[in-house]
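Undergrad: Sequence:
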Amino acid sequence: MSLPSLLHRLRERVPQSLTGGAMLLVSATVVNLGNYIYNLILGRWLGPAAFADANLIVTLFLVITFVTVALQTTTAKFAAMYSASERPAASAELRRWLERGAWLSGMVGLLIFAVGAPFWQAFFHTESAWPFVMFALGVPFYFMLGVERGMLQGETRFGVLSLSYQAEMWSRLVIGIALVALGWSVLGATGGLTLSLVVAWLIARKSVPSTPSGEPLTASERTTIIRFAVPVVAALIGQILINNSDVLIVKRFFDANEAGLYAAVALIGRIVFFATWSVVTVLFPIVAQRHHRGEAHRYLLYAGLGMVLVISAPIVAATIFFPELIVGLLFGAEYLAVAPLLGGYALATTFYALSNVVISYRLSLDNGGGSMLGLAGGMAQVLALLLFHRDLNEVVLVQIYVKGGLFFALVAWDIWLLLRQHHVRPTLASGPTAD
Numbered sequence: 004m005s006l007p008s009l010l011h012r013l014r015e016r017v018p019q020s021l022t023g024g025a026m027l028l029v030s031a032t033v034v035n036l037g038n039y040i041y042n043l044i045l046g047r048w049l050g051p052a053a054f055a056d057a058n059l060i061v062t063l064f065l066v067i068t069f070v071t072v073a074l075q076t077t078t079a080k081f082a083a084m085y086s087a088s089e090r091p092a093a094s095a096e097l098r099r100w101l102e103r104g105a106w107l108s109g110m111v112g113l114l115i116f117a118v119g120a121p122f123w124q125a126f127f128h129t130e131s132a133w134p135f136v137m138f139a140l141g142v143p144f145y146f147m148l149g150v151e152r153g154m155l156q157g158e159t160r161f162g163v164l165s166l167s168y169q170a171e172m173w174s175r176l177v178i179g180i181a182l183v184a185l186g187w188s189v190l191g192a193t194g195g196l197t198l199s200l201v202v203a204w205l206i207a208r209k210s211v212p213s214t215p216s217g218e219p220l221t222a223s224e225r226t227t228i229i230r231f232a233v234p235v236v237a238a239l240i241g242q243i244l245i246n247n248s249d250v251l252i253v254k255r256f257f258d259a260n261e262a263g264l265y266a267a268v269a270l271i272g273r274i275v276f277f278a279t280w281s282v283v284t285v286l287f288p289i290v291a292q293r294h295h296r297g298e299a300h301r302y303l304l305y306a307g308l309g310m311v312l313v314i315s316a317p318i319v320a321a322t323i324f325f326p327e328l329i330v331g332l333l334f335g336a337e338y339l340a341v342a343p344l345l346g347g348y349a350l351a352t353t354f355y356a357l358s359n360v361v362i363s364y365r366l367s368l369d370n371g372g373g374s375m376l377g378l379a380g381g382m383a384q385v386l387a388l389l390l391f392h393r394d395l396n397e398v399v400l401v402q403i404y405v406k407g408g409l410f411f412a413l414v415a416w417d418i419w420l421l422l423r424q425h426h427v428r429p430t431l432a433s434g435p436t437a438d
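Counted the way the numbering used here counts, the sequence shown spans residues 4 to 438.
Errors might be hidden in some of the hints.
[Unchecked claim] Listed next, the in silico DMTMM-like pairs over lysine to aspartate or glutamate satisfying Cα-Cα at most 25 Å (straight line):
1) K209 <-> E89
2) K209 <-> E337
3) K209 <-> E102
In case anyone wonders, no lab produced these hints; they're calculated from the structure.
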């Protein structure tokens, strides 16, 4: 496809399908800004050592997102299909079935963190075990939230979906800061996180319309859903390992002050990933719907990669040329020692943000190969960090190599799939099904 033809398709189709997605993109920017303000306040108020404990809870929250996002992605995929096929009763049954699984999984998570709190305290060298208990109380609500958001995402109700993210951020910001200001320190920050999940779940649940139930999902349908979910879980576990293993390993092997300093670098550097996450959120259901209808969709991959580059490039440039200014303004003088690490961390995160677009695009076409590559990348990073963590600079370098290698491997794999498709079908149809 020529460049003018690609641009014509984008002008013609993207405004129609991504109007609500643009709202989600703007909302995601506000949400990420609010979450960063919250963490910056914690970093300044608590100091490096206590901030390391608070950031550990946030990192564990990000770790369990593989369950929530797997539920959301799976729900969105099949809700999008049922919506395209005009089967509202099937969507309602899908929601009910996945809600039961989310609740059971959430209770298991609650037990793991609440009962195991003394173990987690000793393993990560935290001051108290109570933040783990407080965090555990929000796990069931967080998993249920994934199903409700998946329904909204699959039906492309991005406005209401944006509202649920806004509610989560604002309640966390207000409640968490209030509790920390009252002297609750890390426990107060954790309480704000837990209560924000409850608030977001209540809003999302009330926003999904109740539909009269039809026939239960058939065994074949459930098998199809589970088969789809397996590579989704693999992709998300890889994502969790790549995005969060560094913070956990640093917390385990470095002293509290260094772990707090590194947490500040990770928080700033990860803005690239979270600022571009809405691109994947918007891209996934639209590609799934167009693929289900037999319509062209590859131009959306190019658009997604382009949007990620446009968002991430200025962030990486700023962190490379003005690291001391950024760290000093955001966290204060006591964090300046790790400013030289910021540019490298942002670059590594950009590689993974680009990788995530390719993985999500192929996953929406029912191809889980990218998920397996992502999982392999995550495992490679964990192994490399366990072997090479002489200092914080080496921790960052390992991530640049692993995440950069993963992106180029995914690009090579995607090109190979495209060439193989053209080899099997050398003459592409000129109709709407051609990529």
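Undergrad: Determine for every hint whether it applies to the structure shown.
TA: Status of each hint after checking the structure:
1. K209 <-> E89: holds, 22 Å
2. K209 <-> E337: Violated, at about 45 Å.
3. K209 <-> E102: Distance of about 14 Å is within 25 Å: holds.
Hint 2 from the list above is the single one not met by this structure.
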